Every structure is written in C-alpha cells, then in structure tokens.
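Student: One line per chain: the protein sequences are A and B, in this order. When we follow the UniProt record's numbering, the leftmost residue of the first sequence carries the number 1, and every step to the right adds one. When we follow the UniProt record's numbering, the leftmost residue of the second sequence carries the number 1, and every step to the right adds one.
It should be emphasised that the hints constitute simulated quantities derived from the structure, not laboratory data. A couple of the hints might just be wrong.
Negatives, chain B to chain A, calculated, CB over 10 Å [as the list claims (entries may be wrong)]:
no., residue
1, 160
2, 363
3, 442
Taking beta-carbon pairs under 10 Å as the criterion, some of the chain B residues facing chain A (in silico) [what the hints assert, rightly or not]:
no., residue
4, 44
5, 77
6, 82
7, 83
8, 85
9, 109
10, 113
11, 116
12, 121
13, 163
14, 167
15, 230
16, 237
17, 241
Pairs of lysine to any residue residues, derived as SDA-like cross-links and limited to a Cα-Cα distance of at most 20 Å, are as follows [what the hints assert, rightly or not]:
no., chain 1, residue 1, chain 2, residue 2
18, A, 205, B, 231
19, A, 214, B, 277
20, A, 208, B, 278
21, A, 208, B, 421
22, A, 214, B, 276
23, A, 173, A, 185
From a predicted model like this one, the values you see are computed outputs, not experimental measurements. Using N, Cα and C, we set each Cβ at its ideal position, and we do this for glycine too.
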Amino acid sequence: MFLSRIVLRDLDSIDSPASMASSKKVVTRDEWERKLRDVKIRKEDMNRLVMNFLVTEGFVDAADKFRIESGTQPEIDLATITDRMEVKRAVQSGNVQEAIEKINDLNPTILDTNPQLYFHLQQQKLIELIRAGKINEALEFAQEELAPRGEENQTFLEEIEKTVALLVFEDVKNCPYGELLDVSQRLKTASEVNAAILTSQSHEKDPKLPSLLKMLKWTQNQLDEKAAYPRINDFTTAALEDPSI
Amino acid sequence: MPATASVGGARPEPEEASPAPAPASTSASSCMGTRPEELTARLAAAGPGPAEGCGGAGAGGEEVEHERVRALREIKNQIIGNRTKKLLYLRLGAVPSVVAALAEPGASPAALVQAAAAAGSFACGVEDGARAVLAAGAVEHLTRLLAHPDEKVVDASARALRMIYQSRLAPKFDVNSGENMDFVLSLLDSENENVTELAAAIISHSCESSAEQLSLCSAGVPQKLVSLFGGSMNLRDACLGSVTAVIRNNRDVASRFASTDHGKGFRSVVGLIHDRSPHTRLLACLCLIALGHASPCHFQDKQIKTKLIMVLLELIEEPGHVGDEAPLALTTLIKDSFELQKQALTTNAVEKLSNHLLANPLETRRAVTIMLALSELCSKLEESRSQLMSVEVSALLLEALKHDWADIRIAACSCLKNISRSPKVLSGGRLSCDTVIGPLVQLLNDSSTSVQVAALGAICNIAVNLTPRKSVLLHSGVVSQLVHLSKSMDPMLRLKSVWALRNIMFLLSPKDKDFIVKELTLSTLSSLICDSEHFVQEQTLALVHNLVDGYVDSANYVIGEDGMVMDAIARQLINASAPGVCIQGMYVLANIAAGNELNKEAVMNVLLPHRADRIKPLFVVNFLQSKDKQLRVATLWCLLNLIYPKCEASSGRVVRLQNAGVIQQVKSMINDPCLDCKLRVRMVLEHCVDNADDCFM
Numbered sequence: 001m002f003l004s005r006i007v008l009r010d011l012d013s014i015d016s017p018a019s020m021a022s023s024k025k026v027v028t029r030d031e032w033e034r035k036l037r038d039v040k041i042r043k044e045d046m047n048r049l050v051m052n053f054l055v056t057e058g059f060v061d062a063a064d065k066f067r068i069e070s071g072t073q074p075e076i077d078l079a080t081i082t083d084r085m086e087v088k089r090a091v092q093s094g095n096v097q098e099a100i101e102k103i104n105d106l107n108p109t110i111l112d113t114n115p116q117l118y119f120h121l122q123q124q125k126l127i128e129l130i131r132a133g134k135i136n137e138a139l140e141f142a143q144e145e146l147a148p149r150g151e152e153n154q155t156f157l158e159e160i161e162k163t164v165a166l167l168v169f170e171d172v173k174n175c176p177y178g179e180l181l182d183v184s185q186r187l188k189t190a191s192e193v194n195a196a197i198l199t200s201q202s203h204e205k206d207p208k209l210p211s212l213l214k215m216l217k218w219t220q221n222q223l224d225e226k227a228a229y230p231r232i233n234d235f236t237t238a239a240l241e242d243p244s245i
Numbered sequence: 001m002p003a004t005a006s007v008g009g010a011r012p013e014p015e016e017a018s019p020a021p022a023p024a025s026t027s028a029s030s031c032m033g034t035r036p037e038e039l040t041a042r043l044a045a046a047g048p049g050p051a052e053g054c055g056g057a058g059a060g061g062e063e064v065e066h067e068r069v070r071a072l073r074e075i076k077n078q079i080i081g082n083r084t085k086k087l088l089y090l091r092l093g094a095v096p097s098v099v100a101a102l103a104e105p106g107a108s109p110a111a112l113v114q115a116a117a118a119a120g121s122f123a124c125g126v127e128d129g130a131r132a133v134l135a136a137g138a139v140e141h142l143t144r145l146l147a148h149p150d151e152k153v154v155d156a157s158a159r160a161l162r163m164i165y166q167s168r169l170a171p172k173f174d175v176n177s178g179e180n181m182d183f184v185l186s187l188l189d190s191e192n193e194n195v196t197e198l199a200a201a202i203i204s205h206s207c208e209s210s211a212e213q214l215s216l217c218s219a220g221v222p223q224k225l226v227s228l229f230g231g232s233m234n235l236r237d238a239c240l241g242s243v244t245a246v247i248r249n250n251r252d253v254a255s256r257f258a259s260t261d262h263g264k265g266f267r268s269v270v271g272l273i274h275d276r277s278p279h280t281r282l283l284a285c286l287c288l289i290a291l292g293h294a295s296p297c298h299f300q301d302k303q304i305k306t307k308l309i310m311v312l313l314e315l316i317e318e319p320g321h322v323g324d325e326a327p328l329a330l331t332t333l334i335k336d337s338f339e340l341q342k343q344a345l346t347t348n349a350v351e352k353l354s355n356h357l358l359a360n361p362l363e364t365r366r367a368v369t370i371m372l373a374l375s376e377l378c379s380k381l382e383e384s385r386s387q388l389m390s391v392e393v394s395a396l397l398l399e400a401l402k403h404d405w406a407d408i409r410i411a412a413c414s415c416l417k418n419i420s421r422s423p424k425v426l427s428g429g430r431l432s433c434d435t436v437i438g439p440l441v442q443l444l445n446d447s448s449t450s451v452q453v454a455a456l457g458a459i460c461n462i463a464v465n466l467t468p469r470k471s472v473l474l475h476s477g478v479v480s481q482l483v484h485l486s487k488s489m490d491p492m493l494r495l496k497s498v499w500a501l502r503n504i505m506f507l508l509s510p511k512d513k514d515f516i517v518k519e520l521t522l523s524t525l526s527s528l529i530c531d532s533e534h535f536v537q538e539q540t541l542a543l544v545h546n547l548v549d550g551y552v553d554s555a556n557y558v559i560g561e562d563g564m565v566m567d568a569i570a571r572q573l574i575n576a577s578a579p580g581v582c583i584q585g586m587y588v589l590a591n592i593a594a595g596n597e598l599n600k601e602a603v604m605n606v607l608l609p610h611r612a613d614r615i616k617p618l619f620v621v622n623f624l625q626s627k628d629k630q631l632r633v634a635t636l637w638c639l640l641n642l643i644y645p646k647c648e649a650s651s652g653r654v655v656r657l658q659n660a661g662v663i664q665q666v667k668s669m670i671n672d673p674c675l676d677c678k679l680r681v682r683m684v685l686e687h688c689v690d691n692a693d694d695c696f697m
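Turn these sequences into a full structure, and let the hints steer you where they fit.
Tutor: Here it is, written out as structure tokens:
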C-alpha cells in the first residue's frame, strides 16, 4: 500500500504546473532519480514483503534461507507451509484422493465448510479417472459421488455435465471441453486448495507483491496522461527508461 | 502467529502419533474394505477398545486399535464435505460407534483425533447428523477432551465442538450458572486459538436471552473478546461475531460496552471497519449496526455512520459471502432512518447498487440482497425512487418479476412497492401500465405465499393512483384475484388483498365501485368485517369507508339488502374490538351520516339501539371517553353529520342524543387536550344550539 501512496504524492506535485501548459510536463531522468532517492523505504518492510511472497507461494526452503539471511520472521510457522505444499503437489500430480485426505488431516473443517472447493476436488478426481481411461470407474464415480452434488447446486450440475461430456469424445484432447484435461485445470484446483488452506490458517490467500506491481502499472498509466517521465517498462529488471519526447 | 503448533514445533501427520506405519489410504484400502457397511461393522466390532485387557495392551490390542484408527479415518475422509455419505453412515448407525471411540479410557491420541474429526463432520450441514452426534453424548466427551495432554487431541476436540455449536440443535450453554461461566472464561484464556475460537462459538450460540447477555457482560466477556482482536484473523472474526451476539437488541449491555474503559472496545470495533480483510470489515460493520440499534444514544457519531455506508458499498464488490451479505447489512443500517437514507443517496448508493445489479447475473443471492437494499433506499426518499426508475433497472425489475427464483420475485416486488410510494411516479403512470400490472397480477397466483404477499404489497401502493389509468388496473383481472385471495386461509393474504381492494376503491367512480362490489358480494364483505383477525376487520371497514365516501347512493350497499353490512359493522362496534376497528367503523358511519335522511336514521339506529335494557353503556359514549384521540375525532364527526344541516329531523336527533346522554358527554369534552377534538366538540355543540334554538337550552 505504501509504495502507491508515495507515487501518488509525486503525481500531485506534478499535476499543478502541468495544468498551466497544454503539453505534458517533462521530468528528466536526474530529477526523477533524485525524487526517488528522497523516498525512504525501510529495508525491513521490503524484506517482509519478500517473506510474505515466499510464504504465501509456499517456497519453504527459500523462506527459511531468507529468514536466516535477513532475520525476517515469517508470519506463520514454516512447518505448515510444508503440509500445504504437499497437498498442492498432490493435486498438481493428479492424486486427488491423497490431497483430500491430507487436507482433512490438516483441518477437517476446511472441506465441510467449503462446498465449492470440495466439489472442484471431486470434479478433478473424475477428470483424472477419465484421463487414465478408467471409463467404468469414472461413470460409477460420477453417478454416486458427483450427481448428488449437482442436485444440490445448479452451477455444479453444469460443471458435471461438461466433465462427463469428456466421456463421449474419442479424441478428448480436442473436444469442446478438452481444456478440463489440461494441466491448467489441475493448477486451478491446486491454487483453490492453497487459498482455502491459507484462509483456514488466518493467512491472506494472495501475496502482496503482485498487487503492488498492479498498482505500479496503474499509477504509471495515470501518470502517462499528465507527464513524460522515466518509466519502468520491464518489471523483471525495474530499469528506468528515458521518456520518448 | 503460530498458536497451535507452537508447542510441538513441526506438525506431524496424525497417524505418526499412532503405532501405524501406513500413512496413505491406498494401502489401507488394499487391506481393508472401504464400503460404508463394512467400515461401520468393523468399527462397531473394534469397540470396546484395547484397554479391555487392562493396562498392558498386547500385540493383539495394538492391532485392534490400529484397525480402529484406520476405520475412523476412512469414515472421516468419506463424510467430510459429502452430505450423501453422511446420511448413508447415519442410516447405518455409525455415529454411536464413532462417539464411543471418544469415550474410550485407553484410546490413543490418534484414535481420538480421528473420532473427534468424524463426530464434528457428522454435525456439520446435516441436521440428523447433529441430532445423532448430540444424542450419542459427543459434547460431554469432547468437552472433557479439551483438557487432554496431547495438543492435537485438544485441537481436534475444539474444532469438532465448534462444528457442533454451529448447529441450531446444539443445546445452549447455560452461562447463567457460575461454574459454566468460569469454564467459558477459562476457554477464552486458552493459549490455543482453536479453543478460544470455540469459546467465541459457544458465546454466540448461547446468548439469546437478555439475561444471558447480561451475565456475559457482567463477567467481562465483551472486553475479553475485544482483547482477542489482536490474535489471528479467524479468531478476531469469531470474536467480533460474538461481541455482536452479546450486545444485539440489548440496550443495557450495548451501552455498557460502549462506555466501558472510556469506549475502548467500541473504538477497537470502529478501527476494524478499515481492516485489510473484507470479512472482518463486514463483521465490524455488523457489530456497530447492532450496537446502534440496541443503544442509539451511544452511537450518534454521524461520521462513523457515513463511513459504514461507504465501507458497505465497497464490500458489495467483494466476491462470495461478504459481497452477498453487505447489501443486507446496509439495509439494516438505513432501515427507517430518513437521515441515513439521505446520507446513502449522497454517496451514490442507488447508482452503485443498480450498476452492480445490471452488470451481474440475476440468479444470485447478491442480486436479491441488492434489490432489497435498493428497496429500502426507496422507502422514504423521492429522489432515490426517481433515480431507480430512471435507469434500466425498471426493465430489470420486470424481468425479475418473472424469474424462477421466489426470492428474486419477492425482492423485485419489494422494490416496486417502495418505488410506488412516490406520488410522482404514480401520477406519471409509469407503474400503472400493462407491462407492470400484468406480471404483478400473475404473481397473485404464485405457489409461494411470500411472493403473493409481496406482490399484494406492490399492488396496494400502485392502486393509490389518482389518474384515470386506474382503469388499467381495474380491468386487469386483479379484482377477481383479490376477491379470491380475500377468502384465503392465510390471514396475511386476506389482510393484503382487502388492503389492495381498499386502495383501488379510493376515489373510484360509482360505476367502478359497483363493479368491485358485485365481484366481492355483500355477504363476503360482511364476513370479512367479522374476520377472526382484527387487522383484517380494520382493513375491511376502511374498504367500506372508501366505498361510501361522497355518493349518497353508495350508502345503499351498507344499509340495503336487509342491512347485512350495517349489522356486521354494528356488531363490531358494540363488541368494541381493537381501537383501529372502531375508528374505521365510526368513519364509515360518519360517511353514511353525511347522506340523506334515510341514511342518517340508519346510523342513529346503530348508535341508539331500540332496546329496553340500558344496562350496558352506549358504545358511542365509550368511544367519546376513549384515550385514543382518533377514535374521539371519528365519533364526533359522526355526531356532527347526524345533526347537520339545520332542519326539523336534525333537531329530533339532537333530542334523542341528548336523552341518551351523548350530548352530555360531548359537553364534558369542551376542553379536550386534542385540538382537533376540541374544535369538533365546539362544532357539535353549536349545531345543537342551532337546532334546539327555541326548544330548549
């Protein structure tokens, strides 16, 4: 949050002279860098942002190393990250039942209080059965486990229909709902699982850094209308690029 | 803040605590069936546990215990999240065996953890499950296990109890008993957040009566809950919910909470309306709204109220539960408050809500709650109504009237009802066209009574239409529908349908009045006057009141046909039913008394029945002595009309009223505290003098 506030303050100071002239105000690189240097950001805050990212995304080893090197304390017990990552990995590799059992061991209230997540896991299970070509098992599972969920919820029913439709096609990869068999579907389910576990651990489900980047991009876009200034175009290097005049 | 894992450091899988080497279910299912019937049987067979052999559990005992842990875990994994499986296991009678595992004196921590989780899950989302778990005595066992030395058993028991206390079937925890209160306080003091969250759940579940709220307050529970706001997000949310439950509708507790420690708790809650977590923001808003309703004098800060409106409007953008419930919170906040509705309007609430409504699909809970909020915003402010009508929302509302979901139809009717409170909208005739009336009339046939009631509400208001367009409504088939509903078994339907007829009748031409009376019939009218519910009687009399206004001939409906309707009215007045009924009855008589000699005589006969026995005092005298000023005014109007204009017949009536002691009563009211009454008293007396002139006085 604080980064955007700083940039917005700069925006204010640029705003008033610009309104006098019809053309955009030009800020030179020197001037811009000097302004940036004037902004003091505490190292600890930066470190906390990094730690927040590592913890939320589940990079447990990196988080541990970062803790030792920077002295930043993680917001939650790192051991819980390992559990969470095991669940996530299980979903990513298609072992849905294993993932369900691990979630229940972590906290049995998660799936009972989150019907949508439970449904998506069951749906993923069906997808994995279809992928493995276990057609009879898939049909039985769809009838016994998924059909009752569809009776309880219209949206679920539509999703079940799409999933079961995979059974009709010879070339499932190229059928209209082929994307369900894609790795991205597993990732989607895995990230839903990740978010639910984080929430159950009183942790925010999204890391803060990506939203800061979004805010940076938004602020630069706003600023573009009023001034020409050294812009960050490549977010991977964060290099300032001279304004094109 | 690692609360649960701080003791043991890392969190091993529960099975590692058991002697079982097999961690994955695949191996379990290979050596043991996973069919519910088999598992249930196996679990029942595994009891009464390894401790039977007393002390040294041999290799056999270990195996039995191992088997039991696996069966419990398998059942747990099958039922969590799965309603169908829960019902299946319930039918198989698995719950007692699961709960019995909690009672085992020698049960391993692993077995206890699995059994607790399974018991908690059975109680979640399925009423029969909760009932079975309670009947098996799970609460007692789980409560005992909160003191277990193994932290994981404590975690599992606390979670299971929390699930159980979320069910409405769970017994209330009697916080009026000192011992129980100490127990709750000890839970709140726990280091384990699962346990403190449980305490919050127990408090929320157990403070329905004001006595319970008061004892919790006296024990300092609200302050304790506030002090826990610093814990994890989930704990803070649970505590916020409990604070709300403790202060809800309790003036005493709310004002104590707001003033204790110079309002520290209050300020903490206010701080949370800007919390990072949307759920926390919503809960903080709900808490402040509850506080404001319970003790308005402790929550007068306009700025905070404005902030609440802004925060709630922002929360509507949030996905899921928070966004769904935020409009309802807004509705509660602004309900009946002209000032806050105005405030909401200046923050563009109508525009924001309608934009959201238009941008998203209709068949969601959010659409329902947004429509209800919009409806509330239109309940008092003309500007909100015209704003809502000016956007494409009106088209959407029409669509909503025909929607499959009853809740959506009800919400749309509610919007239309409040929009049509506007004389401007009504006289513009935008609601009294076929496109609106048609679907509304159709909803009178709805299978849901709530929809019918909501549609009647809208029709009631639209019917108060002064323009000639009233005929659109009149000939839409609505009258026969309303007549049909006025004979319903449901008193609410009778009330609202009669109300709608009353409003349609308002200022109607004699021809149209006749149309309605023919549909309704005088005998139905008479029986509705004598309905079992006084609010229906009152509305019916108001309907008659509108029927007999002005046109002299219309009085014939009441006094004609052997005076069937008049008899019904007289009966109600003599029985002196509810004040509202008497007021409307007197207005009917007043209107009839404004007619010709025949009409006036008919009224006289009701007021002064030809009876030998005068043991009972006249109802008209009672009414004049009533504390209700409206009833006094209505009665005075009736008398005034009877003795007006100055003529011989009027003089005769004055004499009869004088002889019956009515005029005497009027004279005693010369200094009536109600100005309107005082004025009418003087008018009645002046007319008496005029009429009497040289006869007497």
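Student: Look at each hint and say if it fits the structure.
Tutor: Tested hints:
1. 160: violated (8 Å)
2. 363: violated (8 Å)
3. 442: holds (24 Å)
4. 44: violated (22 Å)
5. 77: At 5 Å from the nearest chain A Cβ, residue 77(B) passes the 10 Å test, so the hint holds.
6. 82: Residue 82(B) check passes; min Cβ-Cβ to chain A is 7 Å, inside 10 Å.
7. 83: At about 7 Å, which falls below the 10 Å cut-off, the nearest Cβ of chain A leaves the hint on residue 83(B) intact, so it holds.
8. 85: holds (9 Å)
9. 109: At about 13 Å, which exceeds the 10 Å cut-off, the nearest Cβ of chain A leaves the hint on residue 109(B) violated.
10. 113: holds (9 Å)
11. 116: Holds - the Cβ of residue 116(B) comes within 10 Å of chain A, reaching about 8 Å at its closest.
12. 121: holds (5 Å)
13. 163: This interface hint holds because 6 Å falls under the 10 Å limit.
14. 167: At 12 Å from the nearest chain A Cβ, residue 167(B) fails the 10 Å test, so the hint is violated.
15. 230: Hint on residue 230(B): violated, closest Cβ of chain A at ~12 Å, above 10 Å.
16. 237: holds (9 Å)
17. 241: violated (14 Å)
18. 205(A) <-> 231(B): Measuring from Cα to Cα gives roughly 18 Å; hence the hint holds.
19. 214(A) <-> 277(B): Measuring from Cα to Cα gives roughly 19 Å; hence the hint holds.
20. 208(A) <-> 278(B): holds (15 Å)
21. 208(A) <-> 421(B): violated (48 Å)
22. 214(A) <-> 276(B): At roughly 17 Å apart (the allowed maximum being 20 Å), residue 276(B) and residue 214(A) satisfy the hint.
23. 173(A) <-> 185(A): holds (13 Å)
In summary, the structure is inconsistent with hints 1, 2, 4, 9, 14, 15, 17, 21 from the numbered list given earlier, while agreeing with the others.
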